[in-house]
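Asker: Listed below are the residues making up each chain.
2 protein chains.
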Amino acid sequence: MSVLIVGSTALDSIKTPDAVNPRLLGGSASYASVAASFFAPVKMVGVVGEDFPKPYLQLYRKHKIDLEGLQIVAGKTFHWAGEYEVNMNNRRTLETELGVFESFTPHLPKAYQDSQFVLLANIAPSLQHHVLEQMRRPKFVVADTMDLWLNIALPDLLKLLRRVDGFVLNESEAQQLTQEHNLIRAAKKIHRLGPKYVIVKKGEHGAILSTRENLFVAPAFPLDRVVDPTGAGDCFVGGMMGYLSTAKGSIDANLRKAMVYGSVVASFCCEGFGLKSLTRTTRVAIDRRMKILETLIRF
Amino acid sequence: MSVLIVGSTALDSIKTPDAVNPRLLGGSASYASVAASFFAPVKMVGVVGEDFPKPYLQLYRKHKIDLEGLQIVAGKTFHWAGEYEVNMNNRRTLETELGVFESFTPHLPKAYQDSQFVLLANIAPSLQHHVLEQMRRPKFVVADTMDLWLNIALPDLLKLLRRVDGFVLNESEAQQLTQEHNLIRAAKKIHRLGPKYVIVKKGEHGAILSTRENLFVAPAFPLDRVVDPTGAGDCFVGGMMGYLSTAKGSIDANLRKAMVYGSVVASFCCEGFGLKSLTRTTRVAIDRRMKILETLIRF
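If you read the protein sequences in the order shown, they are chains A and B.
Residue 55 in this note's numbering sits at position 55 of the first sequence; the count goes up by one each step and never skips.
Residue 174 in this note's numbering sits at position 174 of the second sequence; the count goes up by one each step and never skips.
Rather than coming from a laboratory, the hints here were simulated on the basis of the structure.
Hints should not be assumed to be uniformly reliable.
For identical chains, the list gives no copy identity; a pair is met inside one copy or between any two copies.
Calculated cross-link-like contacts (lysine-lysine; reagent style DSS-like; alpha-carbon spacing at most 30 Å) [stated by the list, open to error]:
1) Lys188 / Lys76
2) Lys291 / Lys189
3) Lys189 / Lys276
4) Lys188 / Lys202
5) Lys196 / Lys276
6) Lys76 / Lys110
7) Lys202 / Lys189
8) Lys202 / Lys291
9) Lys54 / Lys110
Same shape as in the complex, but just chain A:
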């Protein structure tokens, strides 16, 4: 089954202590779509400007990402510039140019509207909402977010949460949203806002899944070299949804393994700038890393 992914499509200029990489392919939809493509066909919804480099369209195509939902419009592609500190955990935004993103309204081609697995990757909650309005009866909808939307679009986000099955956010966002430092209690509070599945991303420490009945502690794949963590969270959720859309059986039966697949795909993402490393990997390499991860946590 295919996955519908809506989110940002951007050019990222990323500075780390070791290197500077201008205008890489970025954006939550790009990362999540490439991540999901290792498991399932992907339909992507986004917008880019006329300056969007052709090789990046080819990269999407290499991953068999359906681009009917990608609008190419007059103007400049969304551009983000950021810089990482030495520890690669803290980053600061140097520049944001919204470009064509400013007036973006996601429009779903007819062929997209029946999608069963929908990932509302990080983008303004009102746009995530607008996508759902155009869907018929999706089986499983997951939304990701970022701190920006908690700060400037909380009412929209809360409205969205009543309509999604799963919600993905990171530790500090969970704490901010719930005013609760303890993650288990924070997740329980988020259930009350709507989502049946609450997934808290903890970066290099893995992730937790909370359902109303139980908890799952997902490991991260330990890396001895992190080149660029940009997009790792998007790849996590993209890989998770990609695997989930192809797995036989219920969501509950497959979500744990899907999260671990997401972790593994995210680990490949961190090993290169932007999507450079992830686009070079294969399903075989991903499965190999899954097997290794199983041995790393066995006791």
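With chain A fixed as given, assemble chain B onto it according to the hints.
Answerer: Relative to the frame of chain A, chain B by itself:
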């Protein structure tokens, strides 16, 4: 088999956002010994002053901790006062009175010198070293430490590392010791300093074990309420050594499970001030939590 544990024995005054608890039983040896006592007989080496409350001696005895190595001398017991921030992760020291600790030299009773499993809990590295000098041929020696010793006694610590099998430290200490942000690479550097087993504690995120051959990612037991994390790291390593000393087979075959037992024991510690919660638990409750933890990480 019994475990020999040397470390600090103290009175801790602990302030959290919710409560103030003066003069609790504390110190690395106290925490580690109680933790180990659920698995094996413990021989404890430490020092307290004449002001040391009788009920605390009774608590040691309740856990069948052999106190022949506990010196009770004229003067005041080591006292530490600290305060936790709201998130319960950051703490600051309000006061430290060394008391009888200032002139402490650990002296091993004859019956202790043949011990096979030795835990050099957090204490000055020169004292840890002095304990090893008095041992015959221990089978497995693990040292814990803290940032203070990296700052003021690094040469002693480096000398100690050449003589221990395992070394336990937390994330920031590993980074400080090796000048390496990535924990996997930091652990590899620490192997070169001597220890075959390097264990990096990550608090609520669990721990990793690095050997020259492979890696183990140990989960923490997720808690929805942390009352006081003081001593959790000591309980982790105490529980680990306690289990290890009774497990049949090689260290390599048992160390992973021992670490998870350590995590579980540490989780009980965090649920009450000082040792209040841990001292009330049982091996049955610990085993029950082990089983739960196994289900929480299964995928």
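Asker: So, against the hints stated earlier in the document, which numbers end up violated here?
Answerer: 1 and 5
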